[in-house]
Amino acid sequence: MNVAFERPSILQRILPVFTGFDGPLSLAILLLAAAGMLTMYSAGFDHGTRFVDHGRNMLIGLAVLFVVAQIPPQRLMRLAVPLYVLGVILLLAVEFFGITKKGATRWLNVGIVIQPSEMLKIAVPLTLAWWFQRREGQLRTPDFIAAALLLAIPVGLIMKQPDLGTAILVASAGLFVIFFAGLSWKLIIPIMITGAVAITALVMSGDAICEPDVKWPVLRDYQKQRVCTLLDPTKDPLGKGFHTLQGMIAIGSGGIEGKGFMKGTQTHLEFIPERTTDFIFAAFSEEFGLIGCGLLLLGFVFLIFRGLMIAAEAPTVFSRLLAGAITLSFFTYAFVNMGMVSGILPVVGVPLPFISYGGTAMVTLGLGLGILMSISKSRRLVQT
Numbered sequence: 001m002n003v004a005f006e007r008p009s010i011l012q013r014i015l016p017v018f019t020g021f022d023g024p025l026s027l028a029i030l031l032l033a034a035a036g037m038l039t040m041y042s043a044g045f046d047h048g049t050r051f052v053d054h055g056r057n058m059l060i061g062l063a064v065l066f067v068v069a070q071i072p073p074q075r076l077m078r079l080a081v082p083l084y085v086l087g088v089i090l091l092l093a094v095e096f097f098g099i100t101k102k103g104a105t106r107w108l109n110v111g112i113v114i115q116p117s118e119m120l121k122i123a124v125p126l127t128l129a130w131w132f133q134r135r136e137g138q139l140r141t142p143d144f145i146a147a148a149l150l151l152a153i154p155v156g157l158i159m160k161q162p163d164l165g166t167a168i169l170v171a172s173a174g175l176f177v178i179f180f181a182g183l184s185w186k187l188i189i190p191i192m193i194t195g196a197v198a199i200t201a202l203v204m205s206g207d208a209i210c211e212p213d214v215k216w217p218v219l220r221d222y223q224k225q226r227v228c229t230l231l232d233p234t235k236d237p238l239g240k241g242f243h244t245l246q247g248m249i250a251i252g253s254g255g256i257e258g259k260g261f262m263k264g265t266q267t268h269l270e271f272i273p274e275r276t277t278d279f280i281f282a283a284f285s286e287e288f289g290l291i292g293c294g295l296l297l298l299g300f301v302f303l304i305f306r307g308l309m310i311a312a313e314a315p316t317v318f319s320r321l322l323a324g325a326i327t328l329s330f331f332t333y334a335f336v337n338m339g340m341v342s343g344i345l346p347v348v349g350v351p352l353p354f355i356s357y358g359g360t361a362m363v364t365l366g367l368g369l370g371i372l373m374s375i376s377k378s379r380r381l382v383q384t
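For reference, each letter of the sequence shown is one residue, going 1 to 384 in UniProt numbering.
FYI, nobody ran anything at the bench for these hints, they're computed from the structure. Keep in mind that a hint or two might mislead.
Distance condition first, Cα-Cα at most 25 Å in a straight line; then the derived DSS-like pairs of lysine-lysine [said to hold, decoys possible]: (1) K224 x K240; (2) K102 x K263; (3) K160 x K102; (4) K186 x K215; (5) K215 x K240; (6) K235 x K102; (7) K160 x K240; (8) K160 x K215; (9) K186 x K102.
Let's have the full structure, built from the sequences with the hints guiding it.
Laid out in structure tokens, this is it:
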């Protein structure tokens, strides 16, 4: 008996590509993207083509998100080790053949100039999630030690460039995976206590250890200066402390309601350095005040909460660990950027997601959000 099968139309074949996206996560992205475009228009309308370029970068990030969302988590898992190995090889290549700018060797010319450390922001959590997926049901202390070594290699190479900001982001993403995999609190609590004691000792002895002739182990001189500037930015108000002081002035001058859209004097009189990139939160705070900052924080909380919900409902260990780590990476971005602009953390090159200008950062953001969308889609397919 001959049975005729009706071939699906082009529309029927294309439609699934545009369906299945997580509604709440899409809403959070839309709201934060709108806030980013609004802020960039005010902070960057007189800064060349920053506003137009920011919109272009957002479209590129959206395209990356859309493409990555179509890739099932199982295929993403197969890419983990190759991406990690390629990233480490490129970091080693930077060490020997890298391009140096402003005293830092972070870039590599492979026909186009790239910054390999950006790849590790995604490759490291991917690889660690893959590792713990393989060890599911038989985790032992050596497995956590192996994971720590997988994390330490790229973080060490990135710090050597030096690039403390990116090293913090890569390290935090990896540590989130290790934590979610079941790292014992017996190991976490002593580290937290040690860190608290070290910070307290640093604050109490700041004047003595910040003398010019005192050398700090591990950290370079410019990193020592950043920490010392954090402790007392007024010691060099026109030099190392200028960024921090101007950021704090702009945030404080915004008050409760802010000065109004495009009315920020600190911003438009160019007192805020890097007002479209690392210090754009200061420009936002000046114009929109405490109320605007509260709404922006709510937007990030909404995004992070939804990401953690996706992680909690993910069907596999790999997807749960990956979704949780990527979601909390957004928290790290926001916390470190707002903290350094507010004067509670040292100044490091960490952008504010959606808000800060930067093509590479926007692509990385699109990759992370695309992975979350992919995991959310896979969960729905399993349920159906």
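Results for each hint:
About 11 Å separates the Cα atoms of K224 and K240, which keeps this hinted pair within 25 Å; it holds. Distance check on the hinted pair: K102 and K263 sit about 33 Å apart at the alpha-carbon level, beyond 25 Å; violated. Under the criterion of a C-alpha separation no larger than 25 Å, the hint pairing K160 with K102 is consistent with the structure, at around 15 Å. For the suggested pair K186 and K215, the alpha carbons sit about 33 Å apart, so the restraint of at most 25 Å is broken.
The suggested pairing of K215 with K240 holds, with an alpha-carbon distance near 18 Å, which does not exceed 25 Å. For the hint pairing K235 with K102, the CA-to-CA distance comes to about 24 Å; that is within 25 Å, so the pair holds. Taking the CA atoms of K160 and K240, the gap is near 22 Å; set against the 25 Å cutoff, the hint holds. With a CA separation close to 17 Å, the supplied pair K160 and K215 stays within the 25 Å bound.
Simply put, K186 and K102 have alpha-carbon atoms about 42 Å apart, too far for the 25 Å limit, and the pair is violated.
When each numbered hint is compared with the structure, violations occur for hints 2, 4 and 9.
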